[in-house]
Amino acid sequence: TTDQSIENPPAATEGGEAAATEEAGATPAPEGGDEWFDQAEYDQQFEQRSASFEGDPEQPWTQYIDGEMTATAEFAADEPQKVCFSNASISNPWRQTGWITMNEQLKVLQDSGVISEMETRDAQDDDNTQIADIDYFIAEGGCDAFIISPNSTAALTPAVERACETGKPVVVFDRGVETDCATTFIHPIGGFAWGIDSANFLVDNLQEGDKVVALRILPGVDVLEQRWAAAEKIFEENGIEATDYFTGADPTEIKKIISDELATGDVQGVWMDAGDGAVAAIEAFEDAGADYPVMTGEDEMSYLRKWEDTGLTGIAPVYSNFQWRTPLLALERIFAGEEIPAEWVLPQEPITEDQRAGYLADNEGMPDGHYAKFGGEDLPGYPEVWRERIIP
Amino acid sequence: MSAAVTDRSAVLQQNRAPWHERALRALRTPGGAVFVLLVVLLLAAIAVNPSFGEPGSLIRFVGRTAPIAIAAIGQYFVIVSGEFDLSMGSVVTAQVFVAGNLIGQDDSRTVPVLVLMLVLGALVGLVNGLVTTLLKVPSFIVTLGTMLALLGLVLYWTGGAATGNPADSFRQIGRGGVQDVPVLEVLPYPVVLVTVIAAAAFWLMRRPYGRTLIAVGDNPRAAALTGARVWWVRTRAFMLSSLAATVAGIILVGYAGVHPSVGRGYEFTAITAVVLGGVVLGGGRGWVLSAAAGAFALETLFALLNFLGVQSTWRDTVQGVIIILAVAAGTQTWRRRRRGRTAPAQAPKHVIAAQPAPGSDQEGT
Amino acid sequence: MNAFSRLTSTHIVYLVVLLTFVAGTVLVGAAGRSFVSAGNISAVLTGTSVLGFIAIGQTLVILVGSLDLSVPYVVSLASLLSAGIMANQPGNILPGVAAALLVSAGIGLVNGLVVSGLKVHGFIATLGTGLIVSGYLATNYKGSAGQTPVAFRLVGATGIGPVPVSTLIMLACAGAVLLMLTRTRLGHHMYAVGGDIRVARMSGIQTGTPIVAAHVICSLMAGLAGLLLAARLGVGSPTIGAQGGYDLLSIAAVVLGGTLLSGGKGSLVGTLGGVLIFAMIDNIMSVMQINPFLKDVVRGIVIVVAVAVYARRRVARRATRFGHHEHVRNEQEVSA
Amino acid sequence: MLTVTGLSKSFFGVPVLEDVTLRLHAGEVHGLVGENGAGKSTLMKILAGVHDRDAGTVEIDGTPVEFHHPTQAHTAGLSTVFQEFNLLPDRTVAENVFLGREPRRGLLVDKRAMNSMTSALLEDLGITSIRPTTTVGSLSVAQQQVVEIAKAISYDARIVSMDEPTAALAGPEVDLLYAIIRRLRARGTAILYVSHRLKEIFDLCDTITVLKDGRVVGTEPASAMDDAALVRMMVGRPISAYFPEELPGTAVGPALLRIEGGGNDQLDAVDLTLRAGEIVGVAGLQGSGRTELVEAVFGVHPFTRGRLELDGEPYTASSPRQAVRRGVALITEDRKSQGLSLDQSVLDNALGVIRSVFPRRTAAARKEVPGVLSSLEVVARDLDQEVQYLSGGNQQKVVLAKWLAVDPRVVLLDEPTRGIDVGAKIAVYDLMRRLAAEGKAILMVSSELPEVLGMSSRIVVMRDGRIAGELPPDSTEEQVLQLATGARTERATR
Ligand SMILES: Nc1ncnc2c1ncn2[C@@H]1O[C@H](COP(=O)(O)OP(=O)(O)OP(=O)(O)O)[C@@H](O)[C@H]1O
Ligand SMILES: Nc1ncnc2c1ncn2[C@@H]1O[C@H](COP(=O)(O)OP(=O)(O)OP(=O)(O)O)[C@@H](O)[C@H]1O
Ligand SMILES: [Mg+2]
Ligand SMILES: [Mg+2]
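Protein chains in written order, with this note's numbering: chain A, 1 to 392; chain E, 1 to 365; chain Z, 1 to 336; chain Y, 1 to 494.
Incorrect hints may have been included.
Claimed, not checked - Distance condition first, Cα-Cα at most 27 Å in a straight line; then the derived BS3-like pairs of lysine-lysine:
{"no.": "1", "chain 1": "Z", "residue 1": "Lys295", "chain 2": "A", "residue 2": "Lys82"}
{"no.": "2", "chain 1": "Y", "residue 1": "Lys199", "chain 2": "Y", "residue 2": "Lys212"}
{"no.": "3", "chain 1": "Z", "residue 1": "Lys295", "chain 2": "E", "residue 2": "Lys136"}
{"no.": "4", "chain 1": "Z", "residue 1": "Lys119", "chain 2": "A", "residue 2": "Lys107"}
{"no.": "5", "chain 1": "E", "residue 1": "Lys136", "chain 2": "Y", "residue 2": "Lys212"}
{"no.": "6", "chain 1": "A", "residue 1": "Lys82", "chain 2": "A", "residue 2": "Lys107"}
{"no.": "7", "chain 1": "Z", "residue 1": "Lys119", "chain 2": "Y", "residue 2": "Lys336"}
Stated by the list, open to error - Reference excerpt, derived from the structure (chain E facing chain A, CB under 8 Å, subset only):
{"no.": "8", "residue": "Ser51"}
{"no.": "9", "residue": "Gln172"}
{"no.": "10", "residue": "Val258"}
{"no.": "11", "residue": "His259"}
Please keep in mind that the hints were generated in silico from the structure rather than gathered at the bench. Beta carbons: idealized from backbone N, C-alpha and C, even for Gly.
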């Protein structure tokens with residue numbers, strides 16, 4: 001998100017792994033492509049991929065990497081509490097799936113008397129609206145706790161700080177902010193890990209000198225940029241020729257790019273920073289009559305299905321969708337006065353070919369925009385709510 | 001007139017320039033210049049990347065540009081009648097979702113849903129048109145409202161993501177093609193569709209309806225006073241626009257599959273293409289095929305930039321510069337003509353001749 | 001009908017504002033909240049400020065018969081430039097503000113010159129400059145950049161009572177522009193040029209000046225909106241303008257405020273009413289936790305329905321000589 | 001004071017003014033007369049800096065001047081009341097009067113001063129019924145004309161040219177204008193005055209210049225002229241030769257159109273019968289409702305009261321389309337804004353009605369229309385030329401052609417010869433005669449009294465939205481004017 005050469009990183013960000021941001025780099029960014037690359041962060045996420053997680057592996061959404069804990073005894077409450085959720089948006093299938101899951105989790109906690117109600121404001125992808133939403137909650141919400149899924153990292157920092165100043169617990173998830181005032185920051189391992197998993201898979205399955213087309217959604221979104229920063233580095237180190245394009249996640253654009261690429265030469269691999277358009281990319285190879293590439297996608301059902309149908313060599317990196325449950329569960333612990341991780345790093349494991357069948361079976365009948373690792377199988381509405389995509 | 005008539009078509013011929021002169025004249029207008037621009041861009045693209053010039057790859061290029069060209073043709077009807085259609089992108093997205101959710105993997109639903117989509121498209125256009133013409137809300141606002149409302153409704157209905165791609169039989173429309181065509185290998189169906197639609201649009205614009213549409217865009221009051229049902233003429237233009245968006249959606253769902261971003265920004269791309277084709281915003285001027293050519297020129301330009309290795313982020317900038325320059329050049333041409341500084345104003349005039357036909361000289365010159 | 005037709009469109013706008021207010025009080029009350037509490041008023045007013053700035057400028061541009069679709073990109077550019085120059089140094093606030101406004105005005109100048117000089121339709125001219133700036137932003141900024149100092153951020157975060165400072169600044173700008181529009185020659189000439197450019201020219205007005213001025217002021221206002229956003233966000237962002245959808249929304253607000261999309265007639269006060277209507281509706285829907293997808297449906301319908309109400313009145317009526325308003329005249333075919 | 005020498009101007013190659021020479025002295029009212037299209041307005045526009053001249057010189061007080069913009073003319077002390085309104089309907093009277101030079105105090109427009117100056121100006125003109133703060137659009141046509149005149153006078157010009165300023169005015173308002181003009185003359189202002197009302201010319205003017213087909217036919221002191229001499233100079237031949245005779249075989253047939261007690265919000269108690277083979281002229285002052293009458297018959301602003309019959313069957317004209325289907329045609333008074341699609345070709349315009357109302361007959365009409373155009377002697381490059389490049393007369397012929405193509409039974413003509421040259425006029429007259437001979441019913445609205453008198457079988461005079469009376473063809477201009485102005489005298493000061 002930030003151009004480090006200009007910005008004063010808030011002091012807290014420097015303080016080691018408690019850093020609440022996903023892109024807390026400190027070195028001035030050099031001109032050029034790798035301004036998003038941060039060796040320390042890369043190394044850390046590289047480690048975390050193989051770290052051991054605390055908690056029940058059956059419930060990955062409650063797992064975390066052992067680290068600094070926050071005491072929450074002051075927040076312990078007997079009464080059901082009111083939660084205020086400031087959501088960036090539900091404008092893509094990943095967020096929609098997570099939002100459904102979150103609401104089912106909410107029902108469970110309401111039934112068990114932990115949470116009285118959750119008031120949600122949706123910022124429709126607008127930083128300014130989200131700031132206003134948070135300010136509204138502070139002034140009018142009567143909130144006992146805040147959950148914030150920031151629309152962007154730097155811009156939401158002041159608002160999150162204001163929420164922290166109310167003295168109520170604040171849970172931030174998905175994208176981070178540049179302050180560690182929040183009670184906990186919940187997120188899967190991160191973008192570098194995604195980049196490492198996916199790029200290493202391609203490197204393992206391709207030869208030196210092979211061509212990879214990298215399909216990226218947008219420039220400037222930290223999570224996505226880190227995925228590419230890691231992947232680009234790995235491709236470079238292993239002599240893979242990679243060309244990257246921005247597609248706006250538009251399958252039409254993806255098809256155009258791939259068919260233009262195929263018109264000029266062979267493509268052995270496709271790397272994606274998000275799985276949305278993977279199917280379109282695969283179809284472009286079919287249409288051109290070319291051999292399937294080695295693919296990376298995401299745990300979106302459309303890709304998993306296409307992957308199985310075609311039998312191509314692929315992997316589905318995962319940006320754990322089940323993290324949408326975790327904020328409410330974190331609040332459950334907070335209201336119980338239990339300590340929780342200051343930075344709650346959730347597992348983030350790619351789906352490999354041998355796991356694929358299992359996930360396909362578990363998610364039978366789910367729509368294409370559904371995410372296999374949504375983690376809601378034990379929730380009351382399963383499976384209709386996800387299958388029918390009932391959005392409150 | 002009540003007078004006797006003999007071979008009038010000879011008179012008609014006699015009073016029109018030969019076709020090649022008319023074609024030459026046309027090339028000097030913005031609507032004709034876009035064809036020149038298209039050829040230049042194509043040649044440049046082929047020069048930079050010779051493989052682009054191979055028949056197979058050219059025809060695929062035409063195929064994937066087809067939806068934009070079809071949308072531009074649809075938008076043309078609305079613009080030439082003096083209005084805007086901003087709801088086009090939302091219609092495309094909505095139709096993509098409809099196809100994804102209602103057809104599913106059930107081949108037997110292809111035809112009924114196809115019909116339903118066309119009806120839906122016509123309905124959206126009808127609403128746009130009626131609210132614009134009868135309630136007198138500017139079409140910019142009406143279609144802006146439809147754009148928001150339609151997309152919102154569809155997303156609400158589907159929960160933001162369609163169940164899945166529709167059955168392959170349906171997707172063939174946008175994905176498949178006639179196999180084993182000599183030279184080209186495959187002839188993609190979208191190419192066939194865009195050709196048919198362009199031909200139909202060309203034909204329609206030469207029909208009374210088309211000419212009335214232009215007259216309405218040029219001077220709605222005069223058109224109303226000649227007995228045209230301005231509201232209905234314009235409403236049908238909106239319906240054609242939404243239907244074109246529907247066809248674009250049908251092709252896109254085949255070509256690309258179901259995704260909420262399919263169709264995003266189509267309204268502006270289509271308007272850009274139409275304007276690049278020399279069609280004047282405000283109505284009354286421009287040819288439908290020029291609008292389609294504008295779409296191809298725009299896409300060829302992008303391809304060219306791509307081949308030249310221009311960073312894709314600069315694409316917007318180039319597009320912006322091009323449309324301003326093209327439209328400025330066009331406006332200046334029309335203005336110079338209107339001020340009588342160019343040939344058409346100064347051309348020698350003579351009495352429209354009627355060939356004195358034997359036995360009916362009471363009508364002669 | 002008769003009393004209704006005697007109201008100016010600004011009156012109707014504020015009737016709608018009142019109606020929305022009443023609806024808000026009832027609906028928000030039903031949701032167990034207060035619509036008129038300090039926090040909510042502050043929230044509604046905050047919702048008016050950014051769009052307010054842009055709609056002020058857009059009003060001028062529409063009054064002279066043009067349009068401005070480039071505002072979102074000007075907003076983003078201004079936020080980035082100011083935040084970049086300020087770089088968290090309080091001493092740099094002035095240069096940051098000045099640079100942002102200067103560049104914004106420059107874009108407005110280009111818009112104005114292309115529209116008035118090259119006679120390119122405002123829609124295309126500003127779509128074009130918008131694309132140009134958007135390409136520049138995408139190429140040169142990878143994500144948010146810069147940082148605004150705390151002193152500057154206060155502008156976006158503080159208020160006097162329930163009224164945010166940003167709203168006050170917006171209202172001050174509105175006041176200045178209103179004064180310009182109603183009490184200076186430039187303002188009069190804007191109306192004249194938008195009303196009938198031929199008459200304006202015949203009356204000795206240099207028709208280019210009001211058009212260019214309107215575009216410059218519009219971009220300046222967008223620049224101010226960008227500054228305000230930089231203050232609220234603490235950073236500059238290349239997408240903040242596009243996130244807000246300010247281009248179409250501001251045009252909608254202006255038309256909702258009773259200004260004729262074809263120019264020459266309308267009022268800034270009406271525009272502020274239009275902005276307020278949007279802000280209140282958004283606020284009500286947020287409090288009621290309406291599904292975000294349905295929010296857009298409501299917005300779309302409100303825009304069309306509200307404008308339809310004014311448009312029906314605008315059918316030019318001539319003083320009747322005879323008759324007792326018996327039938328509504330069948331003008332649908334003829335008034336173009 | 002103002003000297004014009006050798007001025008020439010042509011539009012699109014058609015000469016409109018040729019070698020015009022004119023002298024205007026301080027304190028003189030100089031009448032400029034001539035037929036429609038003689039070039040009077042064009043001359044005034046060149047003087048005002050609206051059009052550039054092709055050749056010639058203009059001098060004010062002996063200094064050559066060159067105006068490219070009306071402001072320059074204003075600065076040089078010359079202001080103009082144009083024939084078309086130059087008012088913004090949505091702005092107030094004061095804003096319109098001072099448009100482009102609003103009085104200021106400091107940076108701000110001094111609205112109070114502007115309003116009071118406008119009030120003073122209007123009072124000076126003896127008008128009290130117009131408030132400076134009302135919007136112009138809500139005024140009557142006559143009041144708008146007053147505002148227009150007030151605007152021109154407010155420049156304190158030494159030379160004022162007025163293009164048909166009384167066209168929209170009735171008795172007392174005309175007297176007012178007389179008073180204003182005399183006051184200006186007393187101040188030493190030079191006035192160039194265009195009017196089609198010869199009485200005014202003789203009442204007001206000291207000198208008269210006659211323009212014909214863009215050339216000066218003569219300049220004479222008013223005292224040396226009389227009506228007949230003036231008309232002869234204007235027309236260049238006796239009037240009788242001007243209007244074609246009724247064609248042999250023309251017979252008045254059965255009633256085609258019958259209106260009984262017709263009315264809407266602009267018209268009342270209209271009783272009118274139109275018979276086949278008849279040309280009925282409609283006279284009246286501007287704003288008297290003549291256009292409204294034909295528009296009501298044509299369904300533009302339909303009658304809401306009364307009974308209509310067409311061809312013996314009930315007729316409800318609720319839209320132009322229905323009127324066209326029933327065989328009614330309307331040639332509108334303003335061909336540019338109501339009659340033509342200027343960007344379209346001659347052929348497309350001529351096929352306009354057929355295409356929009358009888359699309360099935362298009363193919364046949366395509367073959368016929370060139371013949372129709374040629375019978376009207378349309379001059380154009382070819383059928384594909386856009387009509388905007390045609391001269392006014394030829395444009396009007398294209399309008400006629402598009403209606404002839406559908407072979408209507410009732411033809412309504414609103415100012416059919418406005419702004420077209422003599423040749424074209426005669427073509428229009430010939431055509432009207434021919435249509436009458438074919439058994440069509442013709443209703444012609446015209447502000448040209450000679451035309452009405454010369455062409456009509458009956459003359460209907462309108463006043464204030466009512467039919468004031470009917471006159472036989474051999475009536476005089478005075479009789480018509482009397483009917484046309486009569487009752488308005490009482491209402492004029494409202
Ligand atoms: N802008 C123009 N473009 C082309 N032709 C024009 C233009 N203005 C006037 N003409 C033509 O020039 C001729 C003279 O017109 P003008 O208006 O000067 O006549 P006029 O003497 O004022 O007539 P009237 O008595 O009807 O007002 C007409 O044939 C008219 O059609
Ligand atoms: N009060 C008014 N406000 C606006 N337009 C008016 C008004 N009165 C008349 N008009 C318009 O002015 C024109 C002349 O009006 P009307 O039909 O009443 O008079 P007319 O006798 O036909 O005069 P003309 O000589 O102009 O044809 C028409 O086009 C009419 O629509
Ligand atoms: Mg004249
Ligand atoms: Mg009239």
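Here is what the structure says about each hint:
no., hint, result
1, Z:Lys295 with A:Lys82, "holds, 24 Å"
2, Y:Lys199 with Y:Lys212, "holds, 19 Å"
3, Z:Lys295 with E:Lys136, "holds, 25 Å"
4, Z:Lys119 with A:Lys107, "violated, 60 Å"
5, E:Lys136 with Y:Lys212, "violated, 46 Å"
6, A:Lys82 with A:Lys107, "holds, 13 Å"
7, Z:Lys119 with Y:Lys336, "holds, 22 Å"
8, Ser51, "holds, 6 Å"
9, Gln172, "violated, 11 Å"
10, Val258, "holds, 7 Å"
11, His259, "holds, 5 Å"
This entry does not satisfy hints 4, 5, 9, going by the numbered hints stated previously.
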